[in-house]
Amino acid sequence: MSAGQPLLETRGLCKHFGGVKALHNVDFSLAKGELRCLIGSNGAGKSTFFKAVTGQYVPTHGEVLLNGAPIGGIETSAIAKRGVGIKTQVPNVFDGLSVRENVWVAVRGTKDRRERDEIVQKTLERMGIAHIAGETVGQLAHGQRQFVELSMVIAEGPELILLDEPAAGLSAEETARLAKIIHELNQSHALIVVEHDMQFIRMIGKQVTVFHQGEILIEDTTEAILSNERVRDVYLGKTAA
Amino acid sequence: MRLTRSSVELTAVALIGLFALFVFPRNVEFYTIISSTIYISLAILALSLALIWGYGGILCFGQAAFFGLGGYAYAVGAWNFDATIYAALLAVVIPTVFAAALGYFMFYGRLNDVYLGVITLTVTLILFKLVNSTGGDAYAIGKARLGGFNGMPGTPFLENPLNGKVLSPEALYGVAVVCLFTCYFLCKAVLASRFGRIVVAIRENETRAELLGYDARPYKLAFFCIGAGIAGISGMIFANSVFVAPTMFDMASTARILIWVIVGGLATLVGPVIGCIALLMITTSLGRSGWIDPNVALGAILIVFVLLVPRGLLPLLNDGLNRALAWLKQERAP
Amino acid sequence: MDYVIVLILQILFSVSSLALVCAGLAVIFGMMRVINLAHGEFIMLGGFTTVFATQAGIPIVVSMLVVAPAIVAVIGFVIERLVVRHLYGRMIDTMLATWGLSLLLIGAATMLFGNSVAGISAPFGSFTVGQYRVSVYEMFIVAVTLVLLIGCYLLLRFTRLGLIARGTMQNSEMAASLGISPSKVYSVTFTAGAALSGLAGALLAPLSGVVPTMGKAYVAKAFITVISGGEAILTGLVSASGLLGSVGTLTTFATTPVVGDAALLFAAIILLRFLPNGITGRFFRRSI
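Protein chains in written order, with our numbering: chain A, 2 to 242; chain B, 88 to 421; chain C, 484 to 771.
Because the hints were derived from the structure by calculation, they are not lab data. Using N, Cα and C, we set each Cβ at its ideal position, and we do this for glycine too. Take these hints with a grain of salt, some might be off.
[Said to hold, decoys possible] Partial pick of chain A residues on the chain B-facing surface, computed with a CB cut under 10 Å:
1. Ile87
2. Val106
3. Glu157
Start from the sequences and build out the full structure, keeping to the hints where you can.
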């Protein structure tokens, strides 16, 4: 494995639904340890991109490479096993289980019970939800469920974390806490955050990729993106309208 | 040991098991012991569905298929082998293998619940027809004549593997009790294991489990096979306490297993066992009295429970108990 | 040559009777996404109605084609009101409740009519092809099924009711947007499904005899055929009955009817492994 090899890479990635080109020739690359935000208006292709990378959609053409190995079109579970932690847009949790059980199930890579329990406890504390460890997840508020899901993703010990609109439906206080957590996570993990809340992008963003009509429109730093005329036209203009 | 809910349950079940093994048979008539053995064999069947449906979320409408296969595997084995203990083993192996083959097609095709229910039910019904049509000398496996509609009466009973003597009805009752409680504790152990927890998590949210890197298919398949193996044990004991006949695969036979589980309570193990024994007592006495067809009673019970008590009796009882406890605590508090 | 003609006629009859037995079930499955486990008992009720109506002096063809479907439709309507409606959206519970109905109806029929076979003889006699005898009545069933399928097609394709039904099949919210309440769709669907099952029972009564448990003989094949067809009612019904019916009949010719059923089931399981949403889940997706 060469040092310069990207962690995640797509080459000519396409996803067509009938005649609709939801993704078209997307060349994307993420370095190890990088934090990247994906933005774009509704239907720009960012969610399709997310699903093609996580194995929920089989790409029509093109390659998805994780550490140089092709993962396009293989089972979601197999992709997750290779060190990709995935948080979907709607909170996807085990509603009937307790917070602790949710995170417990997520821990992989160790057979030792005590070690598992330790990882669970550490993760819960880190995410600030240790005090509700015994509660049934189905009865928690939306924001808390988001943090439970994030805890599960972290407890997996992934190399790459993919978050699809993690700030959706969070209170201002929770959003700030989430931004802080994302920064902390970036110390040790690479992250891709799909988001359309520009305030939140400002809080976390370094490099931003803008999707438009199934293609990558531009890639740059947050500041540059925010002051870019075209981005404003295709994206910010639309959300303001 | 800490006084938790589950340790209380385990202790209670163990005590009931000891009672059923040592106290009960000394204080009842011979006839009661024989019918108790039948009830217990069916209670094991209820337990098998309670496990895979209640905890694995696998909607199996055809648990009777594994029950019947277990019974027939035992009967065929018992006619052919020198020692019936091998026939008993066969009664576990055959349903498990059959479940593995059937489950492969269902789980790896990622069929939804409705399809799963229909396929398992259809398989059971076709097995009924197949076995039903095996009358005559042409249909024999080794020395075992399958007997078609009449089943296989006169099948050799289980022997004590140590001295080769045929078990007495009392001893067979003991074997049945031990099997029931062993299966119960086995289920508990499976559910407490990492494998069991992941299966429960998959039932809760398959997408999330897959996103966490668990391929749901082999987990469900393995769980399904465990259920089939337990149903096979049930069929083996049934074969020893009654005899095997195509009615084991009957539509009514597979329906009543579901009814036991629904009445007792999904997502519990004890509930379906109690539901099974209680309903068997009711239908037996109804059948004897003859004023109402047992099918009418079972059908009505199923409809009423689905409409009004979808969670079953045990969770209802549990809730009531919790509420009473909470109320008592409040009363006591100043 | 004669043998081939007879074989073809036999396959035609098997496929038609399979489609006939499945029709009511397919309607309910296509619209409600559930399997009606009381299907066999609707067939049984259709059979009993025909026997009683004919014994009461109504011409056999009228009791088959009019009385039986009407009576069973009324029963279906009442059952939908009393039970199925309250489980809207709960698919598994709906199936379990219809299973309860199945047991209840078998038990009730046993109490009312006893367990002996009630029969009527098949009308129309037979004709010969070379040295083989072919029953006219079997060809009558083929014709009725054909008329029924064509009628269903016209109904679905060209009427407002059909439009609503097609909308519901594709997307149940669409019916709501056409201003039709889902409970009305449920009611009409279940009633229509019951009527079709009653018709099937009526037509099969002379061939099989009528007992409270007669449904059992048909349901296994019907269940597996309908889910193999998938959610498009007509296309699914025709394609799955055609495919599985042929497999079943050809195997039956080579072996026994029971093995034929087993072969049908086996073929269906293999098919569903690769087409988990049935034939119309993959092919003919926009069909009805």
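task = Against the structure, test the hints numbered earlier, and report the numbers of the ones violated in rising order.
result = none
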